[in-house]
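Chemist: Please build the complex by placing chains B and V on the supplied structure of chain D, with the hints as guidance.
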Amino acid sequence: MLVEIRNLRIQFPTATGLSDAVRNVSLTLGQEKLGIVGESGSGKSLTARSILRLLPSNAVVTAEKLTFDNIDVLRADETALRRIRGARAGLILQDPKFSLNPVMTAGAQIAEAWRVHRGGGRRLAGQAAIDLLAQVQIRDPERVAGAYPHELSGGMGQRVMIAMMLAPDPELLIADEPTSALDASVQAEILRLIEDLVSRRGMGLILISHDLPLVSHFCDRVAVMYAGRVVEELAASDLTRARHPYTRGLLECLPTLSHRQKRLAVMQRDPSWLET
Amino acid sequence: MSGVLSREWLLSETPASRAHAAWVRRYRGWLQFRANGLAMVGLVTVAIMIVASLAAPLLAWQNPSAQDLAGRLAPPSFAHWLGTDELGRDIYARILYGGRVTLGMVVAVVLLVAPIGLAVGSVAGYLGGLADRVLMRVTDVFLAFPRLVLALAFVAALKPGITSAIIAIALTAWPPYARLARADTLTVRGTDFIAAVRLTGATSGRIILRHIMPLCMSSVIVRMTLDMSGIILTAAALGFLGMGAQPPMPEWGTMIASSRAFILDQWWVPTIPGIAIFVASLAFNLLGDGMRDVLDPRQR
Amino acid sequence: MLASSFASVPLTLFGLTLVTFLIGRVMPIDPIIAIAGDHAPPDVIAAVREQLGLDKPLLVQFWIYLVNLAHGDLGRSVMTSHPVTEDIAQYFPATLELATTAITIAIIIGIPLGVIAAARQGSRFDHAVRVVSLAGQSVPVFVLALLCLLVFYVKLGIAPGTGQLDVAYEGLVPRVTGMLVIDSVIAGDWDSFWDALAHLAQPALVLAYFSMAYITRMTRAFMIEALSGEYIITARAKGLSATRILWRHAFGNIAVRLVTVLALAYAGLLEGAVITETVFSWPGLGLYLTVSLLNADMNAVLGATLVVGLVYLVLNLLADLLYRLLDPRVA
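Order-wise, the sequence lines are chains D, B and V.
Just so we're aligned, residue 89 is where the first sequence starts under the working numbering, counting upward by one.
Just so we're aligned, residue 51 is where the second sequence starts under the working numbering, counting upward by one.
Just so we're aligned, residue 10 is where the third sequence starts under the working numbering, counting upward by one.
Pulled out of the complex, with its shape left as it was, chain D reads as follows:
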């Protein structure tokens, strides 16, 4: 079992006391692909980032269990966490415009990830970076290695991110909305790339998205989150048989060309979903 989360609670201080951003979340992940779906503010990013303890400093995190490969992440110190981050688990963020360091070349950033965890000289790391760029299907890896993030398109930037996170050869990849900032045509390519690399390396994947059909296509299991809670968890293939009204609502809201719809469905939110 790679990741075990039981009863995770993440709170933030506000003017009127502590407010729950994530409540009662329990998930497990093996060597499989888990998708976490939800709208903005549902707490999906927070949940995933808590595995690596990459939350803002004012977040209050409590859980019955929060482990990565049986290492207690909640009580681990910075040194232990740094041994997990990068080396054993990677994180891909949404927009490479912001998530890549603007004043370092792509190659330098990838090489850095390589060297910190695998050691080796600068030249070796630089060559490894170019190899990795080729692995993420960049056609001109030498040029891209010497380019700065603002000179790269969104799709290329995400490939650089992926290369960077895969450099230390981790066991788990967390992809936080990896395609949300990309053009529709590039989205599928990037996801296929992620899926391919993850399968080949035998890694676990947590894919976070607001796009239900996308997630169901690429993942084995799907967890649906709403207002900081997991409202439903099911196999991707069982999605059409979802039972929770929120999931059903999401499915029904999807516009489709296969049968006539006079009006697009609108989600009816039931306040009872906020209580569990």
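Some hints could be false.
[Claimed, not checked] Calculated lysine to any residue pairs in the SDA-like style (CA-CA distance at most 25 Å, straight line):
1) Lys164/V - Ala311/B
2) Lys153/D - Met89/D
3) Lys153/D - Leu362/D
4) Lys185/D - Tyr332/V
5) Lys164/V - Leu132/B
6) Lys209/B - Leu31/V
7) Lys153/D - Ile242/V
8) Lys185/D - Ile233/V
9) Lys164/V - Leu123/B
10) Lys209/B - Ile54/V
11) Lys185/D - Ala230/V
12) Lys185/D - Pro337/V
13) Lys185/D - Glu234/V
[Stated by the list, open to error] Quick list of the computed label-pair ranges, beta carbon to beta carbon:
14) Leu265/B - Thr102/D: 26 to 32 Å
15) Trp80/B - Asp108/D: 22 to 28 Å
16) Trp111/B - Val323/V: 50 to 56 Å
17) Val184/B - Leu331/V: 26 to 32 Å
18) Leu67/V - Ala105/B: 46 to 52 Å
19) Leu352/D - Phe243/B: 27 to 33 Å
[Unchecked claim] Coverage of chain V stretches by chain B, computed from C-beta distances (three or more under 8 Å per stretch; other residues unrestricted):
20) 145–155
21) 297–307
Simulated from the structure, these hints should not be mistaken for lab results.
From the three backbone atoms N, C-alpha and C, an ideal C-beta is built for every residue, glycine too.
Modeler: Showing chains B and V alone in chain D's frame:
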């Protein structure tokens, strides 16, 4: 619905009207400001300074100009709480009246400078083109001098004195406001609501005055407060160099200049006005920092 | 665009000269009387007026002023009887020495303080740094300078008094650059060197404190902003050490903007130098300026103001240039 201006009403997450939303925002800003301990210290100190200056005749029970050559350079005593200076005048009274001079100068400068800077900046930003380039060129020229040096040159040309000092400082203090206002205007200029106002047939003047300038206000206010500490220091520096308020006026910088020679044995005579300048400047800095954190965090 | 930055220089320069010229012509003290004396007969006054060119229309006077400027002629100082340009060449190096020493100290201490304070935002260290920084912005330079003299020179006796050198060493070191610390090394005169250094210490440290306050504040502000960037989360996710993230990633991002700040800080030192030199009797441009002011020597005042303005302008331009050159995003 809870009572108007009650704490609940002010913390409401769902304001009922635009005015309500404005009040919620103000209260939230106030809470944020209040949580900042240093900013509160600044606010209280500034308030005390203003009150003390205004009430100087009541609080200073000695005459600040009354000389007593026999009792000069006396250490603090019951009769003279902060001692006497080189001409036997009560330092405590002079500090209080000096506060009037200093604060008066600062207010005068700011009242001159902020409207002019705001006007120049928003006009330049809104009209663009030639007007913008010309106005910014003028701004750049004044920004090209270090403030004190230009103020000194101006004061030298006019007669050294408090009016010249105010004008000189004002002439060097306005450019940053123009820059700020221009930056804010450029941000707002392309928005839809300005376009909408233009469509209703409003003249440029009206648009600038009634719509654009109010939006520049918060950064200008923050800048004003932060600037005040710098103005206090510049005014004191001018006084120290003999170019600002002239003796016998009890300006803090001037007081230090005239008693400088006595720093060895009667150290309190030049040091106390120095502390006063420091406290005043510090208070405005703290206040300005606090206000900036609430109103305009992007500014530095 | 680099081109527009350069293009604006002549215009700003023109504005500078215009302003100084106008200041000079708004004089309360009749320069004629300053030269001819209070009780000179009218024909002498007329002769002097003609000699100074003050009988010509203002526009012509300005043209003459510009022409003179182009030839490097800033007029003659009433006080020293030397050409102002000569005076400035004499006194400027001392200010340069003072300012450069001050900013070096300020950078070495100020930047690390700002970086670490930002890394430990909200901690006691951070608060201490902020207080020290804030105090530096609020203390009047002359008060601090006077207090330093009082405490270190008078009371404790560990620092020498005012001036650049002890009277005993005066005139011993031949002038090469005008900066005594360097000149004494060139001359191999180690006694003079230590004395010059000792005299340099106090004014430089006072100035350094003010610069440091500004530099630390800006570094801290920039770092706090940089540390909130998404790429910092990426760096943490990569498992990098905190030191590496702080310096290589966050600081690396602000380094370019910091260069601009440093150039501005150096320019700001020119202001601080005016007062510091006055208190410490340091024979630099600032002292020259204030003494000329007290003597109503308008040529000297305006010449010095113009030169200071010019240096300020050059520094600002340099800051702008460096920013454009170093930031890969503005290539």
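Chemist: Now tell me if each hint is right for this structure.
Modeler: Here is what the structure says about each hint:
1. Lys164/V - Ala311/B: Holds. Lys164/V to Ala311/B sits at ~15 Å (cutoff 25 Å).
2. Lys153/D - Met89/D: holds (13 Å)
3. Lys153/D - Leu362/D: holds (23 Å)
4. Lys185/D - Tyr332/V: holds (21 Å)
5. Lys164/V - Leu132/B: Since the Cα atoms of Lys164/V and Leu132/B sit roughly 22 Å apart, the hinted pair holds (cutoff 25 Å).
6. Lys209/B - Leu31/V: Holds. Lys209/B to Leu31/V sits at ~15 Å (cutoff 25 Å).
7. Lys153/D - Ile242/V: holds (24 Å)
8. Lys185/D - Ile233/V: Holds: Lys185/D and Ile233/V sit about 19 Å apart, inside 25 Å.
9. Lys164/V - Leu123/B: Measuring from Cα to Cα gives roughly 20 Å; hence the hint holds.
10. Lys209/B - Ile54/V: Roughly 23 Å between the alpha carbons, so the hint for Lys209/B and Ile54/V holds.
11. Lys185/D - Ala230/V: With a Cα-Cα distance of about 22 Å, the restraint between Lys185/D and Ala230/V holds, given a limit of 25 Å.
12. Lys185/D - Pro337/V: At roughly 14 Å apart (the allowed maximum being 25 Å), Pro337/V and Lys185/D satisfy the hint.
13. Lys185/D - Glu234/V: With Cα atoms ~16 Å apart, Lys185/D and Glu234/V stay inside 25 Å; holds.
14. Leu265/B - Thr102/D: 26 to 32 Å: holds (28 Å)
15. Trp80/B - Asp108/D: 22 to 28 Å: holds (27 Å)
16. Trp111/B - Val323/V: 50 to 56 Å: Given a distance of about 54 Å, which is inside 50 to 56 Å, the answer is holds.
17. Val184/B - Leu331/V: 26 to 32 Å: holds (28 Å)
18. Leu67/V - Ala105/B: 46 to 52 Å: holds (49 Å)
19. Leu352/D - Phe243/B: 27 to 33 Å: Since Leu352/D and Phe243/B have Cβ atoms about 30 Å apart, the given range 27 to 33 Å holds.
20. 145–155: holds (count 8)
21. 297–307: With 6 residues in contact (Cβ-Cβ under 8 Å with chain B), the coverage given for the stretch 297–307 of chain V holds.
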